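Colleague: Sequence:
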Amino acid sequence: MPDLFLRMHASAKAGTLGAGLILSGAVIYFSSWAVALEVLIAILFLLLTAPVAFHLIGRAAFRHEVRLYPKTQKETDLVYFYGRNKT
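Taken in order, the sequence shown gives residues 1 to 87; the numbers are from the working numbering.
None of these hints come from the bench; they were simulated from the model.
Do not take every clue at face value.
[As the list claims (entries may be wrong)] Just the calculated beta-carbon pair ranges, DEER-fashion:
hint: 1; residue 1: Phe-30; residue 2: Ala-60; range: 23 to 29 Å
hint: 2; residue 1: Pro-70; residue 2: Leu-46; range: 21 to 27 Å
hint: 3; residue 1: Gly-20; residue 2: Val-66; range: 25 to 31 Å
hint: 4; residue 1: Val-66; residue 2: Trp-33; range: 42 to 48 Å
hint: 5; residue 1: Ile-57; residue 2: Leu-17; range: 37 to 43 Å
hint: 6; residue 1: Arg-59; residue 2: Leu-21; range: 45 to 51 Å
hint: 7; residue 1: Glu-38; residue 2: Arg-7; range: 28 to 34 Å
hint: 8; residue 1: Arg-63; residue 2: Trp-33; range: 34 to 40 Å
No experiment lies behind these values; they were computed from the predicted model shown.
For every residue, glycine included, the Cβ atom is placed at its ideal position computed from N, Cα and C.
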């Protein structure tokens, strides 16, 4: 992956899917409603928090002017709406 934003996108998808599948495997292995409920809560928590965390990391990288891959879409709209180096 050529830049931070593309690497973050790939790792967020892989991490969320991988953890969800591992937790789903735990439900199949233990075959218990209590475990299924706990796993469902854990998966929902993961699906709610992972995108927010990666969004905040990406936004911080953008504001600190991390270089983009040359073929990445231009960022003019983002600069207009969010600016750079704001505290």
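Colleague: None of the hints should be skipped; say for each whether it holds.
Modeller: Each hint tested on the structure:
Take Phe-30 and Ala-60: their Cβ atoms lie about 39 Å apart, and the range 23 to 29 Å is violated. Separation of Pro-70 from Leu-46 is about 34 Å and departs from the stated range, judged on CB atoms against 21 to 27 Å. Range check, Gly-20 to Val-66: Cβ separation about 29 Å, and the 25 to 31 Å hint holds. Here the CB-CB span from Val-66 to Trp-33 is close to 46 Å, well matched to the stated 42 to 48 Å.
For Ile-57 and Leu-17, the Cβ-Cβ distance of about 18 Å falls outside the hinted range of 37 to 43 Å, so the restraint is violated. For the hinted restraint 45 to 51 Å between Arg-59 and Leu-21, the CB-CB distance of approximately 28 Å leaves it violated. For the hinted restraint 28 to 34 Å between Glu-38 and Arg-7, the CB-CB distance of approximately 31 Å keeps it satisfied. The given range of 34 to 40 Å is broken by Arg-63 and Trp-33, whose C-beta atoms sit roughly 46 Å from each other.
The structure fails to meet hints 1, 2, 5, 6, 8 from the earlier list, while all remaining hints are met.
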